[in-house]
Structure formats: C-alpha cells, structure tokens
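Student: Take a look at the letters that make up each chain.
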Amino acid sequence: MESQLTVLVIIVALSAVNYLLRLLPLTLLSHWKAPRAAEAWFRQIPLAVLSAIVFQQLFLKGGSFSWRWEDYTLLGAAAAAAIMALTRNLFLVAFGAPAVVFLVGWLARL
Amino acid sequence: MERGIVLRAAKDATVLSLSLIPIATTYGLLVREAGIHPLLGVLFSLLLFAGSAQLVAVSLMAAGAGFVELALATVLIDMRFVLMAGYVAPYVNMARRRLLPLYAYSVSTFTPPLLSAYIREGRPTPDRYLLALGLAIVLGWTAVSAVGLVVATQIPPSLETAARFAFPALLIGLIFPMVRRVGPGLTAVMVAGLLSLSLVAVMPAQWAMLVGAVVGAAAGAAWEWKAS
Numbered sequence: 001m002e003s004q005l006t007v008l009v010i011i012v013a014l015s016a017v018n019y020l021l022r023l024l025p026l027t028l029l030s031h032w033k034a035p036r037a038a039e040a041w042f043r044q045i046p047l048a049v050l051s052a053i054v055f056q057q058l059f060l061k062g063g064s065f066s067w068r069w070e071d072y073t074l075l076g077a078a079a080a081a082a083i084m085a086l087t088r089n090l091f092l093v094a095f096g097a098p099a100v101v102f103l104v105g106w107l108a109r110l
Numbered sequence: 111m112e113r114g115i116v117l118r119a120a121k122d123a124t125v126l127s128l129s130l131i132p133i134a135t136t137y138g139l140l141v142r143e144a145g146i147h148p149l150l151g152v153l154f155s156l157l158l159f160a161g162s163a164q165l166v167a168v169s170l171m172a173a174g175a176g177f178v179e180l181a182l183a184t185v186l187i188d189m190r191f192v193l194m195a196g197y198v199a200p201y202v203n204m205a206r207r208r209l210l211p212l213y214a215y216s217v218s219t220f221t222p223p224l225l226s227a228y229i230r231e232g233r234p235t236p237d238r239y240l241l242a243l244g245l246a247i248v249l250g251w252t253a254v255s256a257v258g259l260v261v262a263t264q265i266p267p268s269l270e271t272a273a274r275f276a277f278p279a280l281l282i283g284l285i286f287p288m289v290r291r292v293g294p295g296l297t298a299v300m301v302a303g304l305l306s307l308s309l310v311a312v313m314p315a316q317w318a319m320l321v322g323a324v325v326g327a328a329a330g331a332a333w334e335w336k337a338s
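Residue numbers (the working numbering), protein chains in the order written: chain A, 1 to 110; chain B, 111 to 338.
One chain only, chain A, in its complex shape:
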C-alpha cells in the first residue's frame, strides 16, 4: 500500500482523467442537433446502461458467469422490484432488498 501522499496524488490524477471522460462528449454533443433516430437511441441509453450493470452485478462473479440459488440475488432482485412497485420509494428499495437477502441467508443457515 502506498503512502497517503501517493494516494492523494493518485486520487487527483484519476479524478482529472475521469472528468475529461465526462467533459469531452458533453462538449462535442451539446453542439450537435441529433437526427430523430439518434434521439430515440439516446432516450433508451439510461435504461440500457442500468440494465447491463444490473445483469452483470447479479450474475457475474470475478468476471465470469456464475449463479447459485444460495446467492439469493434473484430473490433480492424480485424483492427490489416488488418494493418499488408497491411503494415507489428508492430508500425502501435500497434498504429493503438487502434486508431480504440478509434474512433469507440467515434463515437458510438456521
């Protein structure tokens, strides 16, 4: 592990690199009047990006496909969807779904 000063330098440098990643496309695309097909594509981007992340979070372990009933992730995912459908409250989803995963795991160990 590096010294705290080295960590600070790394943090600042990483942040600068990643800031450029946000600034450049925004600078280029904010001047561009997108055609209708591109607008339709961009409209679906948030949903597609979030879905790709969720599927990988649920079914990938260490970079390769892995899924077991004992992970309870599908149950947790169903709980997250159900809580959102019933309450429309993100806060309850963020705490409720992990609580379901914890409870089912705890009950299974009894």
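No lab work stands behind these hints: they were computed from the structure.
All figures in this text were calculated on a predicted structure; none of them were measured in a lab.
Where is the CB? At the ideal position from N, CA and C, for every residue including glycine.
Accuracy of the hints is not assured; some may be wrong.
To be verified - Cβ-Cβ distance ranges computed for the label pairs, FRET-style:
1. A/Val-9 x B/Glu-231: 43 to 51 Å
2. A/Ser-66 x B/Pro-267: 26 to 34 Å
3. A/Leu-107 x B/Arg-233: 40 to 48 Å
4. B/Lys-336 x A/Val-9: 35 to 43 Å
5. B/Lys-336 x A/Leu-28: 26 to 34 Å
6. A/Leu-75 x B/Leu-156: 31 to 39 Å
7. B/Ala-337 x A/Arg-88: 24 to 32 Å
8. A/Leu-28 x B/Leu-249: 44 to 52 Å
9. A/Val-9 x B/Ala-337: 16 to 24 Å
10. B/Ser-169 x A/Trp-106: 50 to 58 Å
11. A/Ala-13 x B/Val-292: 25 to 33 Å
What the hints assert, rightly or not - A few chain B positions that, by computed beta-carbon distances, are all more than 12 Å from chain A:
12. Thr-235
13. Arg-274
14. Val-299
Guided by the hints, dock chain B onto chain A, whose structure is given.
Tutor: Using the frame of chain A, we list chain B on its own:
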C-alpha cells in the same frame, strides 16, 4: 434558479443519497481494508464522484496496482458516462455555455433516469433541474460516503454480503418505473442485460457492459421507431 426546481432537485437527491448509504458502507469497508485515510476516502468521492469506479479503484490500490492500471480500470468503468453525457447533452445545450464544466462534473449514473422521470412529468426547464440535481447528488454522495466510512467500522461481517447487494437493488428501483409494459423499454432492458452477460465469454466484462448497453438501446429505439 427557481426555488421550486431547486427544492425538487434537493428532494430527489436526498432520497437517492440516503438510498446510497449501504453502497457507501461497502465503500467504507474497502477504504478501511486498503489502509486509506478516511478523509482521503471522502475527498475521492468529492473529486471522482463515481461510486462503482471508486469501489474498484480502492480494491486495486489495496492490491498494489499502479496508476496506469488504476486509470484504465476506472476509465473503462466510467465509459458509460460517455453514453450518459450523450443523453443529457440536448438539455445542457439549453443552458449557458460557461456552466458546461459544472454539468460535466455532475453527470452520474443516476442523473439521466431522474431527469427522464422529470421530463415525463412535463415539468419546465429540465436544464436547470439537471444542474441542481447533479450538484445536489455530488454533495449527497460525498456526505453519505463520510457516513459510510463511519458505519463501516461498526458493521458485523454477516451484514457485508447484504450491504453489497444494495447497488443492484437501487438500480432495479430506478429501472422499474421506466418499464411499464412490453415495448421499447423492456426490449432495451432484456437485450442490454442478456448481451452484457453473454459477451463476457469473448471480451472483458466492462466492454461487454458497454456493447450490451449500446445494442440494447438500439433495439429499444428500433421498437420505438417501428411503433411510431
């Protein structure tokens, strides 16, 4: 900026930030394991402002990774911001040019879906809401990271797995309202999700995620195009 817009953005960002506490706790656990000073952990949240990239970067730092490796990993993870920036660009275009660096700084995984919900409600000046929301989330995430660093010292190991599930749970909560029935949204979800999984056989997971998202969005757009 109108008070109503700021209040709405603050409310949305507060709910979101409180929902991020379990993720911040996971971050706190990793920062502690990596031996990084808690203040630097908070500074990292303020400067980088990208939860998943921070989680990976801190894990890699603990494993002794060099700067190039760290930069490549975080850039790959944050490539999704290129797509997200494309989504918000038309709204940034409505705003004053000198504010563009602030808009860029505040782009996150969560701003596009919340902006999308705001637009669907037919509310005015989405550009102002976007900026207020983005900056409020920056402050919220930074504050919640500090909370996570404190909570991480108290959390028993039995809760760690459940805490790590908070991130996908939160994303499912954001996806759910955008998919009401069979149509473009559900098409984008399924194509992006399944492709991002199947492509890991032939490419790194982060690239599979990006390609899956790009093709999934195209499939959703094609459905929308065909229907209209």
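Student: Given the hint of 35 to 43 Å, check if B/Lys-336 and A/Val-9 actually sit that far apart at their C-beta atoms.
Tutor: violated (52 Å)
Student: Taking 26 to 34 Å as the hint, is the beta-carbon distance of A/Ser-66 and B/Pro-267 inside that range?
Tutor: violated (21 Å)
Student: Run the C-beta distances from B/Thr-235 to all of chain A and say if the shortest one exceeds 12 Å.
Tutor: B/Thr-235 clear of chain A: closest Cβ-Cβ about 16 Å, beyond 12 Å.
Student: The hint says 26 to 34 Å between B/Lys-336 and A/Leu-28; measuring C-beta to C-beta, is that right?
Tutor: holds (29 Å)
Student: Does the beta carbon distance between B/Ser-169 and A/Trp-106 stay inside 50 to 58 Å, or does it fall outside?
Tutor: violated (26 Å)
Student: Non-interface claim for B/Arg-274: all C-beta distances to chain A beyond 12 Å?
Tutor: With a cut-off of 12 Å, B/Arg-274 comes too close to chain A, as the shortest Cβ separation is near 8 Å.
Student: Starting from the hint 31 to 39 Å, judge whether the C-beta atoms of A/Leu-75 and B/Leu-156 obey it.
Tutor: holds (35 Å)
Student: So does B/Ala-337 sit 24 to 32 Å from A/Arg-88, Cβ to Cβ?
Tutor: holds (26 Å)
Student: Over 12 Å from every CB of chain A: does B/Val-299 meet that, or does the non-interface label fail?
Tutor: violated (4 Å)
Student: Is 25 to 33 Å respected by the C-beta to C-beta distance linking A/Ala-13 and B/Val-292?
Tutor: violated (46 Å)
Student: Quick check on a hinted range of 16 to 24 Å for A/Val-9 and B/Ala-337, using CB atoms only.
Tutor: violated (52 Å)
Student: Between A/Leu-107 and B/Arg-233, is the Cβ distance one that fits in 40 to 48 Å?
Tutor: Holds - the Cβ-Cβ distance for A/Leu-107 and B/Arg-233, about 44 Å, lies within 40 to 48 Å.
Hints 2, 4, 8, 9, 10, 11, 13, 14 from the list above are not met by this structure, while the remaining hints are.
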